[in-house]
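Colleague: Here is how the chains run, residue by residue.
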Amino acid sequence: DTAVSQTPKYLVTQMGNDKSIKCEQNLGHDTMYWYKQDSKKFLKIMFSYNNKELIINETVPNRFSPKSPDKAHLNLHINSLELGDSAVYFCASSSRTISDTQYFGPGTRLTVL
Amino acid sequence: AQTVTQSQPEMSVQEAETVTLSCTYDTSESNYYLFWYKQPPSRQMILVIRQEAYKQQNATENRFSVNFQKAAKSFSLKISDSQLGDTAMYFCAFMSPSGGSEKLVFGKGMKLTVNP
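Those protein sequence lines, which keep their order, are chains A and B.
Numbering of the first sequence is given in our numbering, commencing with residue 1107 and proceeding in unit increments.
Numbering of the second sequence is given in our numbering, commencing with residue 80 and proceeding in unit increments.
Looking at chain A on its own, in the form it has when it is part of the complex:
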């Protein structure tokens, strides 16, 4: 009965590769988010989708592209990975009509070598 799930939980890859992180929520929420937590534990919003429509796109490099095939899924694709992309990436979801509280997935630790 996982609420917000992410795959994979760990991802180790070489510089220059392309990788994807998947996120799914079974809470019936209409809004999903990607946050990045850096090595100093600081969390910052990257993207937000509402009903498959992009509503927040912070100053994130074009190498990062979110895709929302339906409102229960929000995937993150990263092209040409760089060392500085190493971080923990969290997916979250919320419902505007219920409480706006965001519930987080377990995070994906990405390590770029």
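These are computed hints drawn from the structure, not numbers from a lab.
All the given hints hold, so there is nothing to weed out.
A short list of chain B residues far from chain A (calculated; beta carbon distances all over 12 Å):
id	residue
1	T97
2	N141
3	Q148
4	Q162
5	L163
6	T192
7	N194
Ranges of calculated distance between the beta carbons of each label pair, as one might list FRET restraints:
id	chain 1	residue 1	chain 2	residue 2	range
8	A	R1202	B	E89	31 to 39 Å
9	A	M1121	B	K190	27 to 35 Å
10	B	P120	A	V1118	17 to 25 Å
11	B	T192	A	L1189	25 to 33 Å
12	B	T82	A	L1160	19 to 27 Å
13	B	N137	A	L1189	40 to 48 Å
14	B	S91	A	D1124	37 to 45 Å
15	A	D1124	B	E131	35 to 43 Å
16	B	T192	A	D1144	16 to 24 Å
17	B	T82	A	T1217	25 to 33 Å
18	A	T1217	B	S91	28 to 36 Å
19	A	P1167	B	E89	31 to 39 Å
20	A	K1150	B	N137	25 to 33 Å
Among chain A residues calculated to face chain B with C-beta under 7 Å, some are:
id	residue
21	I1151
22	D1206
23	F1210
24	G1213
Given the structure is predicted, the values throughout are model-derived calculations rather than measurements.
Glycine included, C-beta positions come from ideal geometry on N, C-alpha and C.
Given the coordinates of chain A, work out where chain B should sit on it, guided by the hints.
Modeller: Same frame as chain A, but now just chain B:
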């Protein structure tokens, strides 16, 4: 732009004691929400407590309560009867639903250690 400040990077407390984590924020919005999230070593982000700005009554959840001072833009978290399982990073966060942008703005976090 909204900012959230957690001025104490680290604290420790003895089991069963009470501890207060401080948080201040800056905003010109009138409608907003404040949250405390906990991140134990497992990395999971767990909601601890939530406060709506329009509510004067301070939120409480079992051993966790907040002191919300809207005029002072202060939102502290009190943990009573601390338990070993409370050891974690604690993040204060702000969210304003205005303009359709419901992003959470986080403070830098505070590491709490509960000692036996």
